[in-house]
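2 protein chains.
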Amino acid sequence: MRTYIFLATVLLGAVATAAQQGAPTPELYSKQTLEEMRRLQAATLASDYAYKQTGYLSNNIGPRLSGSPQAARAVEYVADEMRKQGFEVRLQKCMVPRWVRGEERASVVEFPGMAASSTQKLTVAALGGSVATPAEGLTAEIVIVSSFEELNSLGADKVRGKIVVFNYKFDTELQASGFGLAAYGNAVQYRFGGAMAAARLGAVAVLVRSAGGSQNRLVHTGLMGYTDGVTKIPAGAITYEDADLLAWLAKDGRVRVNLVLTPQKFPDVESHNVIADLKGSERPEEIVIVSGHLDSWDLGTGAIDDASGVAMSMSALVQLRRLGLKPKRTIRFIAWMDEESGGRGSGAYFEEEKKNVANHFAAIEADLGASHPIGINFAGKSEVAAFLAPITAVLSKQGATQLQQQGGVGADITPLTRAGVPSFAPWFDQRTYFKYHHTAADTFDKIVPRELAEGASLVAVLAYGLANLEQPLPR
Amino acid sequence: MRTYIFLATVLLGAVATAAQQGAPTPELYSKQTLEEMRRLQAATLASDYAYKQTGYLSNNIGPRLSGSPQAARAVEYVADEMRKQGFEVRLQKCMVPRWVRGEERASVVEFPGMAASSTQKLTVAALGGSVATPAEGLTAEIVIVSSFEELNSLGADKVRGKIVVFNYKFDTELQASGFGLAAYGNAVQYRFGGAMAAARLGAVAVLVRSAGGSQNRLVHTGLMGYTDGVTKIPAGAITYEDADLLAWLAKDGRVRVNLVLTPQKFPDVESHNVIADLKGSERPEEIVIVSGHLDSWDLGTGAIDDASGVAMSMSALVQLRRLGLKPKRTIRFIAWMDEESGGRGSGAYFEEEKKNVANHFAAIEADLGASHPIGINFAGKSEVAAFLAPITAVLSKQGATQLQQQGGVGADITPLTRAGVPSFAPWFDQRTYFKYHHTAADTFDKIVPRELAEGASLVAVLAYGLANLEQPLPR
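Top line first, the protein sequences correspond to chains A and B.
Read in the numbering used here, the first sequence has 185 at position 185, and its numbers run on one by one without any break.
Read in the numbering used here, the second sequence has 250 at position 250, and its numbers run on one by one without any break.
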């Protein structure tokens with residue numbers, strides 16, 4: 001998950017349990033629909049389908065960076081698998097960036113106390129989209145700041161020619177309290193905007209303290225940005241341990257760092273969203289999207305971000321077909337391409353469908369991990385909450401009863417959200433997600449089978465419920 | 001910490017609290033000694049001396065692999081610091097190995113489902129002392145086993161020419177229950193003995209699942225062994241995530257791995273133990289050792305293994321001097337060299353002192369981290385426990401009341417232990433140590449100042465108590 005964070009950090013209010021919203025409202029969903037939702041839930045909770053799909057994407061295909069051979073293989077695999085499950089599949093073309101990580105290393109080459117002919121190594125990774133340093137690296141004194149305000153107060157005289165270290169500390173207490181997304185939102189601005197802010201003052205590179213909650217020398221990558229008219233300088237992430245180390249050393253004297261980052265940017269390549277429809281029986285032209293994103297970062301294998309979201313969405317269609325359940329509206333599976341590196345897939349979809357937005361009844365994206373879901377995030381009118389009560393009543397059996405209204409709930413569906421389409425996402429327990437996501441430790445072993453099945457169940461029940469809603473959603 | 005593990009995994013019995021051993025025994029320690037122990041405790045708990053020393057060794061000097069420039073710098077620094085604190089310092093020569101980590105990378109170059117022109121990267125680190133692969137690496141099919149028995153049951157026909165993956169799972173539940181050391185003992189045999197066992201059956205390399213409890217793609221290094229008459233094959237550690245990945249892939253078909261490890265072994269270099277005595281006022285010829293080891297592994301900065309142990313031991317002498325407390329027996333500070341890579345420092349000490357063992361009244365080594373100490377490990381006669389009761393009564397104020405008898409309590413003092421010298425170590429809460437030790441995440445931020453001060457207090461109180469004991473310890 002990536003950019004909608006900028007929206008999501010502003011919580012718009014209304015966190016309420018289903019119970020607080022009164023009993024299920026029978027006129028919204030037929031008795032049959034409610035019964036079918038419960039069958040769908042039971043079947044999904046008992047199934048290992050999503051688990052196997054997540055394993056295949058993570059382990060047998062691996063990291064699926066946008067534009068990579070693995071991302072192409074993932075498109076092919078998911079398309080084949082959905083065809084095997086009896087669906088017609090459409091590949092929707094999009095041109096995606098091709099950025100390839102190169103060498104990356106950094107070391108402290110001057111610091112108070114250092115032994116002759118030694119250095120201290122830093123654990124570093126290029127941020128996605130970063131330009132390269134010279135092949136032999138660049139060496140410069142560092143200047144450490146913990147905010148944009150602090151950087152700007154230093155002014156160009158103290159920044160010019162230096163490597164700016166953004167040492168904003170990820171709020172692990174907020175994370176432990178279940179608000180990992182908010183903690184991430186606060187931290188990620190330096191990852192995305194650090195290079196631009198530092199380059200404006202003449203810095204030669206930036207190193208950003210990892211925007212994650214791990215305590216294990218794990219570096220957190222992710223997209224960074226440049227803007228016209230400001231020099232593009234190399235940008236890397238360092239671990240929180242290395243940021244602490246630099247801060248310790250710098251308080252006693254001059255610290256110089258050698259930084260080598262040699263990523264390469266190639267011309268855009270063709271890639272695809274994978275789309276498959278389960279046709280609606282009564283209103284086939286009205287669409288409920290279930291989705292996750294197929295691309296991932298390249299340090300880990302993208303298991304929780306977001307093979308799991310794709311697998312939950314695949315599972316929704318597959319379980320419905322296995323149970324012979326026919327939604328009234330069309331449920332559309334989409335495996336988005338390029339969520340992490342700019343959203344070219346969702347851009348292509350919106351471009352094509354923008355005249356058809358009115359027929360997009362609802363959109364769901366699962367892109368916040370695969371831990372135990374505690375409820376549903378939604379974006380749209382507050383009145384939508386009441387329409388979800390019968391669904392959370394079903395989901396209460398698996399402990400997913402909370403509703404939370406946010407400005408956006410998933411980067412790929414944000415264009416639809418902005419165009420007025422009621423939007424939804426599984427709301428997962430966030431205490432662990434930001435320890436692993438965008439790091440080398442986003443790997444399949446982090447998936448707890450039962451929790452993944454709970455997520456798949458939530459997506460399926462929510463999609464089927466929305467697709468069979470007897471009334472239109474407020475929008 | 002390294003080798004005494006082979007002893008320590010056999011717990012010899014008797015875990016008891018001070019309370020269970022009856023009230024303090026006044027005739028063992030004078031009232032004055034008991035009062036001084038309490039003053040020493042209070043002063044040490046209030047001091048940041050050990051914290052600053054740990055920080056300097058970890059951050060301003062860095063990884064201190066035996067034979068490295070940083071290890072030499074650490075000897076110089078600790079000697080200077082102890083001189084500055086008013087002690088005469090002796091550097092005791094030892095010749096240590098010089099093994100230098102090179103390039104290390106591994107990738108899965110053939111596996112079921114892989115995309116054309118792609119691989120899956122493995123996170124790998126050479127085990128300490130490993131020979132190198134060819135510069136371009138070696139590529140071979142893997143065979144996965146979880147024990148020596150399973151390996152041997154396969155026989156040479158199924159192992160010859162292959163890379164053996166030892167997939168023994170570190171017991172994280174045992175770790176969570178506080179028995180990390182036992183979990184480590186069970187796992188570390190494959191790290192040390194894996195290459196020998198696999199080479200006997202014709203394997204070309206080994207990869208060992210990390211002998212630690214991290215879940216963060218953290219690779220655990222440490223010493224491995226070769227033996228005469230068996231081919232030396234390269235040995236690396238992989239993370240538990242990568243071991244799980246290989247196991248997943250191998251169940252569906254052939255898996256081949258390319259492994260590049262290019263460490264170099266140079267001739268032995270001269271290094272030193274750092275020794276400083278606080279002379280005894282009544283029996284100066286009798287010695288109580290306080291110690292930690294100055295060398296570390298090279299992936300992290302050796303903060304918890306074992307800058308903290310050295311710092312606690314420095315602190316014991318420094319606090320005693322600051323308080324003007326004069327022990328009856330000599331308290332000898334030793335910062336051992338080469339604990340991790342073979343124990344040349346402790347070997348040199350024992351060689352010199354073996355005729356003087358009778359005058360070694362007791363030996364303490366702090367080498368199990370820096371978390372909250374819950375009591376004292378000891379090796380020697382069971383009757384020693386009763387002599388510790390007054391000390392644990394003092395330490396009860398900081399929650400360190402447990403006694404545990406073990407076969408060995410610290411690698412560097414094990415030669416003395418075996419020669420009959422009663423031996424002691426702080427017994428730390430072990431729930432976190434094996435998540436970090438020997439990994440890149442053994443860094444200064446893992447030190448909790450209060451907990452480190454508790455460890456320093458325990459070492460100081462224990463040493464001063466033993467040095468002022470009115471009776472000889474049973475031996």
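Everything labelled a hint here was simulated from the structure, so no lab data went into it.
Take these hints with a grain of salt, some might be off.
For identical chains, the list gives no copy identity; a pair is met inside one copy or between any two copies.
Here are the computed lysine to aspartate or glutamate pairs in the EDC-like style, where the Cα-Cα straight-line distance is at most 20 Å [stated by the list, open to error]:
id: 1; residue 1: K397; residue 2: E103
id: 2; residue 1: K52; residue 2: D244
id: 3; residue 1: K251; residue 2: D48
id: 4; residue 1: K169; residue 2: D157
id: 5; residue 1: K121; residue 2: D277
id: 6; residue 1: K121; residue 2: E103
id: 7; residue 1: K279; residue 2: D80
id: 8; residue 1: K93; residue 2: E270
id: 9; residue 1: K52; residue 2: D252
id: 10; residue 1: K265; residue 2: E103
id: 11; residue 1: K355; residue 2: E470
id: 12; residue 1: K279; residue 2: E150
id: 13; residue 1: K158; residue 2: D429
id: 14; residue 1: K169; residue 2: E270
id: 15; residue 1: K328; residue 2: E282
id: 16; residue 1: K328; residue 2: E76
id: 17; residue 1: K381; residue 2: D268
id: 18; residue 1: K328; residue 2: D429
id: 19; residue 1: K31; residue 2: E470
id: 20; residue 1: K52; residue 2: D80
id: 21; residue 1: K326; residue 2: E270
Taking the hints in turn, this is what the structure says about them:
1. K397 <-> E103: Classified as neither; 49 Å inside a copy, 52 Å across copies.
2. K52 <-> D244: For K52 and D244, only the inter-copy Cα distance (15 Å) is at most 20 Å; the intra-copy one is 40 Å.
3. K251 <-> D48: between (53 Å within a copy, 17 Å between copies)
4. K169 <-> D157: For K169 and D157, neither the intra-copy (25 Å) nor the inter-copy (54 Å) Cα distance is at most 20 Å.
5. K121 <-> D277: Answer is neither; intra-copy 51 Å and inter-copy 35 Å both fail.
6. K121 <-> E103: both (14 Å within a copy, 14 Å between copies)
7. K279 <-> D80: within (19 Å within a copy, 79 Å between copies)
8. K93 <-> E270: Within one copy only: 7 Å inside, 65 Å across.
9. K52 <-> D252: between (53 Å within a copy, 13 Å between copies)
10. K265 <-> E103: Only inside one copy: K265 and E103 sit 14 Å apart there, 25 Å across copies, limit 20 Å.
11. K355 <-> E470: neither (24 Å within a copy, 93 Å between copies)
12. K279 <-> E150: Classified as neither; 55 Å inside a copy, 52 Å across copies.
13. K158 <-> D429: Answer is neither: 43 Å inside a copy and 45 Å across each miss the 20 Å cutoff.
14. K169 <-> E270: neither (38 Å within a copy, 42 Å between copies)
15. K328 <-> E282: Only inside one copy: K328 and E282 sit 5 Å apart there, 94 Å across copies, limit 20 Å.
16. K328 <-> E76: Answer is neither: 29 Å inside a copy and 78 Å across each miss the 20 Å cutoff.
17. K381 <-> D268: neither (38 Å within a copy, 73 Å between copies)
18. K328 <-> D429: neither (31 Å within a copy, 59 Å between copies)
19. K31 <-> E470: Within one copy, since 11 Å is at most 20 Å while 85 Å is not.
20. K52 <-> D80: For K52 and D80, the Cα distance is within 20 Å only inside one copy (15 Å; across copies 60 Å).
21. K326 <-> E270: neither (34 Å within a copy, 78 Å between copies)
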